[in-house]
Amino acid sequence: MSAGEESNVVVVGDKETLPLFRMIGMDVVEANDQRSAEEAVRQAASKGTRLIIVLKHLVSDEDSLRKVARQYDATLLVLPTKWAKSEPINIEKLLAEALGLG
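The opening residue of the sequence shown carries number 1 in the working numbering; numbering runs sequentially from there.
It is worth saying that the hints were derived from the structure and are not from the lab.
Keep in mind the model is a prediction, meaning the values are calculated, not measured.
Each residue gets a CB set at the ideal place from its N, CA and C atoms; glycine is no exception.
It is possible that part of the hints are untrue.
[As the list claims (entries may be wrong)] The list that follows gives simulated cross-link-like pairs (lysine-lysine, DSS-like), each with its CA atoms no further than 25 Å apart:
1) K47 to K67
2) K15 to K82
3) K47 to K15
4) K56 to K82
5) K56 to K67
6) K93 to K56
7) K82 to K47
8) K93 to K82
9) K15 to K56
[Claimed, not checked] Pair by pair, the computed Cβ-Cβ distance ranges are:
10) L101 to N8: 30 to 38 Å
11) K47 to K82: 27 to 35 Å
12) L77 to R35: 31 to 39 Å
13) I91 to D63: 17 to 25 Å
Based on the sequences and whatever the hints tell you, model everything.
Here's what the structure looks like:
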C-alpha cells in the first residue's frame with residue numbers, strides 16, 4: 001500500500017506469506033512482530049482501511065491489537081496460520097464482536 005492510498009482490505013503479515021495475498025490482488029503490509037503489526041494496523045486504519053487481516057503468528061497480545069483497530073473504527077481479523085498455536089473457537093464471542101457488542 002503506497003502513501004496516501006486508501007484500501008478497504010489490508011493484510012498484515014510476514015514476507016514469506018504476503019506474496020500469496022498480493023497474488024489475489026490484496027494490499028499488504030509487512031510486519032515481523034507484535035509491535036510492527038500494531039504500527040501497520042495503525043497506519044492502515046488511519047488511511048481509512050475498513051478491514052485489516054493480521055496473521056496470527058505475529059500477534060502476542062491480540063487485545064492490544066484490537067484496541068488499536070477500535071480507535072480507528074476498523075474491523076480486525078486475526079487469521080490463524082500453521083505457525084500459530086491453535087485455540088478453541090468461541091462462537092458466541094466472535095458473534096458478539098462482529099455485532100459490535102463485545
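Consistency of the hints with the structure:
1. K47 to K67: Status holds; Cα separation ~17 Å.
2. K15 to K82: holds, 15 Å
3. K47 to K15: Within the cut-off at roughly 22 Å; holds.
4. K56 to K82: holds, 9 Å
5. K56 to K67: holds, 16 Å
6. K93 to K56: holds, 17 Å
7. K82 to K47: Since the Cα atoms of K82 and K47 sit roughly 30 Å apart, the hinted pair is violated (cutoff 25 Å).
8. K93 to K82: Distance of about 23 Å is within 25 Å: holds.
9. K15 to K56: holds, 14 Å
10. L101 to N8: 30 to 38 Å: The hint (30 to 38 Å, Cβ to Cβ) is violated, given that L101 and N8 are roughly 23 Å apart.
11. K47 to K82: 27 to 35 Å: holds, 30 Å
12. L77 to R35: 31 to 39 Å: violated, 20 Å
13. I91 to D63: 17 to 25 Å: With a Cβ separation near 19 Å, I91 and D63 satisfy 17 to 25 Å, so the hint holds.
Comparing the model with each numbered hint stated earlier shows that hints 7, 10, 12 do not hold.
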